[in-house]
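Heads up: the sequence lines are chains A and B, in that order.
Going by our numbering, the first sequence opens with residue 1, and the numbers climb by one from there.
Going by our numbering, the second sequence opens with residue 1, and the numbers climb by one from there.
For the record, the hints were derived by calculation from the structure and aren't laboratory data.
Some clues are possibly wrong.
Said to hold, decoys possible - In silico lysine to any residue, SDA-like type, Cα no more than 25 Å apart, as pairs:
hint : chain 1 : residue 1 : chain 2 : residue 2
1    : B       : K257      : A       : K245
2    : A       : K106      : B       : K257
3    : A       : K245      : B       : F127
4    : B       : K143      : A       : K99
5    : A       : K99       : B       : S317
6    : B       : K143      : A       : K106
Unchecked claim - Label-pair ranges, simulated between beta-carbon atoms:
hint : chain 1 : residue 1 : chain 2 : residue 2 : range
7    : B       : E146      : A       : G196      : 21 to 29 Å
8    : B       : G316      : A       : L27       : 55 to 63 Å
9    : B       : E302      : A       : R289      : 21 to 29 Å
Think of the CB as a built atom: it goes at the ideal place given N, C-alpha and C, for glycine as much as any other residue.
Here is what each chain is made of, one letter per residue.
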Amino acid sequence: MDLFRRRPRHLSLPFGEHNQQEEPDNLWIRCPSCNEQLYEREYIDNLRVCPKCRFHFRLSLYERLETLLDAGSFEEFDKHLRSSDPLNFRSEGSAYADKLIEYERKAGTAEAAVYGSASVEGVPLVVAANNFAFQGGSMGVAVGEKIARAVDLAVSRRVPLLTISASGGARQHEGVYALMQMAKTTAALSRLSRVGMPYVSLLTDPTVGGVPASYAMLGDVTIAEPGAFIGFAGPRVIEQAIRQKLPPGTATAESMLAHGMIDMVCSRAELRGTIARLLRLLTGASYPRHLEDQASLPAEQMAAGMHIERTGVGD
Amino acid sequence: MATSLEFEAPLSELQAELDKARSAAVVNPDSGRNADRLQAQLNERLYVLYQGLNPWQKLQVARHSNRPHPLDYLRLAFTDFTELHGDRCFGDDKAIVGGPAFLDGRAVMVVAHQKGHDTRENVRRNFGMAGPEGFRKAQRLFKLAEKLGLPVITMIDTPGANVGVADEERGQVEAIASSIAEMCSLKVPIISVVTGEANSGGALAIGVADRILMLEHSTYSVASPEAAAVILWRSAQRAPEAAEAMRITAQDMLNFKLVDMVIPEPLGGAHRDATGMALTVRDTLIPVVTSLVSMGITDLLEARYRRYRDLGPFTGSDL
Chain A
1 MDLFRRRPRH
11 LSLPFGEHNQ
21 QEEPDNLWIR
31 CPSCNEQLYE
41 REYIDNLRVC
51 PKCRFHFRLS
61 LYERLETLLD
71 AGSFEEFDKH
81 LRSSDPLNFR
91 SEGSAYADKL
101 IEYERKAGTA
111 EAAVYGSASV
121 EGVPLVVAAN
131 NFAFQGGSMG
141 VAVGEKIARA
151 VDLAVSRRVP
161 LLTISASGGA
171 RQHEGVYALM
181 QMAKTTAALS
191 RLSRVGMPYV
201 SLLTDPTVGG
211 VPASYAMLGD
221 VTIAEPGAFI
231 GFAGPRVIEQ
241 AIRQKLPPGT
251 ATAESMLAHG
261 MIDMVCSRAE
271 LRGTIARLLR
281 LLTGASYPRH
291 LEDQASLPAE
301 QMAAGMHIER
311 TGVGD
Chain B
1 MATSLEFEAP
11 LSELQAELDK
21 ARSAAVVNPD
31 SGRNADRLQA
41 QLNERLYVLY
51 QGLNPWQKLQ
61 VARHSNRPHP
71 LDYLRLAFTD
81 FTELHGDRCF
91 GDDKAIVGGP
101 AFLDGRAVMV
111 VAHQKGHDTR
121 ENVRRNFGMA
131 GPEGFRKAQR
141 LFKLAEKLGL
151 PVITMIDTPG
161 ANVGVADEER
171 GQVEAIASSI
181 AEMCSLKVPI
191 ISVVTGEANS
201 GGALAIGVAD
211 RILMLEHSTY
221 SVASPEAAAV
231 ILWRSAQRAP
241 EAAEAMRITA
251 QDMLNFKLVD
261 MVIPEPLGGA
271 HRDATGMALT
281 VRDTLIPVVT
291 SLVSMGITDL
301 LEARYRRYRD
311 LGPFTGSDL
């Protein structure tokens, strides 16, 4: 496999600025979990998982989509949708508006999430994913809107929804507007049940705060990557609150599974197959679905969905 | 006064003088006239002071320990409140109280954060910071209200949802998420009143509503300014600055059209006159409930959906 060697050209993501220098081959890196020296090429071919201890390094947004979606299937929507700094937030010597430009340059996306249509092993779906490289994948108005639009698109196309979370929480610079995106995304999700389409939520390291406290924990099926930190508060905040070191294993994917909060912990190599299988199973209805109130889906929402399909945006 | 507000220090001399004149007035009518004059003076200065509160000062008022809390409102503005307990999963979280009550003769379901007026009560109530059991109890009461056709009134006053290892294990994130989801689709009117501070997912978990009202000196924020300052600048010391930058006041929320109404407080804040405050809240709530009750469920749910789906400005949409 040479998944990350080449630039995945078919992804409609703004790679231009993000394209870091080609990583030289034959480098060694150290696994932070088991301390093993890893031959970089081997580790990359192993989907950035330590072959010795199975430690899952974080993937970039592009790598994530590349490992999960059918090659060339991702068509991005609303690529330029971005925050308009609703509070005109500034603190000593710096303005949030300026920082947004910097985040965009660093992360290669206009905001901390992308969404669009795609397929996994041939099953069509809508996918929305956080870009952790953009201000820690934090959710402000633009991210909330993109997640909600992803839901709307899944509703109008009547296809399953997959969200991939990697987020430090709500974007403080957008104040209550950011908080209210938890309600926006959740309100949008309420319409997905009307068309009887499944929602699979994938939680990756880390998924903290407003994202799991809203749409990311509302999946019909919720999957997490091994070792992912998942919780209401980040490790530092928990330690501060309980005034002691974080007990090992707290708020991890494994702990969530043990406490019945998620359906499975799935290794990176098996994610794609697992998600495809789930989607085939969950869309395999053979008996009429008695959905509440389909007729009451507002006309304009359906029209919006159709408009998206017609124009096929995503350049 | 149990808590003295720092910014009220300039008034303390006048207050002391007034207290002296009042007690002297019992035997001396001259002193009574003097007291009335001092009272007028104090009122004038309180008015000016409270008109000019900055966000950080407002937060101190919102947190004042004498400020009426939901159980006070339930005693003063409602009748026959009957508290129901427990989430039927694990426990009873005392940071959230709830149950049916009459508002002006109409049966409603009330769900609210409850802080204490003193340290002992605050410890018992975990300072109004709810865990998963609190949010699951809230959901249970929401569903009950839906089944019985009772309008829901929530009162919000929380520093935020509780943070702790056990809360994480019992699904704090799931409890908040499903509480929000429950409210998004609940088939009865929901009115939310922010009575103190409303912070984080802990506030929103009982805050999704058809109408949101805020008391004049209450605040609403994505995280407490202390927490936000740590997240933004790794320094809780900069909380006043965060309070300023994050636009947390009721007046900001009204300007942003994130809330529907600001309820005026008695002169010098609700903590000076709990009964007066409670009666104003009652008189404000009654017509709001009445108007929502007259809406059909389809219109109600559609309006609630739009309220949240259309929330917040952004640029660069493809459409």
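Against the structure, the hints:
no. : hint                         : result
1   : B:K257 to A:K245             : 42 Å, violated
2   : A:K106 to B:K257             : 33 Å, violated
3   : A:K245 to B:F127             : 23 Å, holds
4   : B:K143 to A:K99              : 43 Å, violated
5   : A:K99 to B:S317              : 21 Å, holds
6   : B:K143 to A:K106             : 46 Å, violated
7   : B:E146 to A:G196: 21 to 29 Å : 22 Å, holds
8   : B:G316 to A:L27: 55 to 63 Å  : 38 Å, violated
9   : B:E302 to A:R289: 21 to 29 Å : 22 Å, holds
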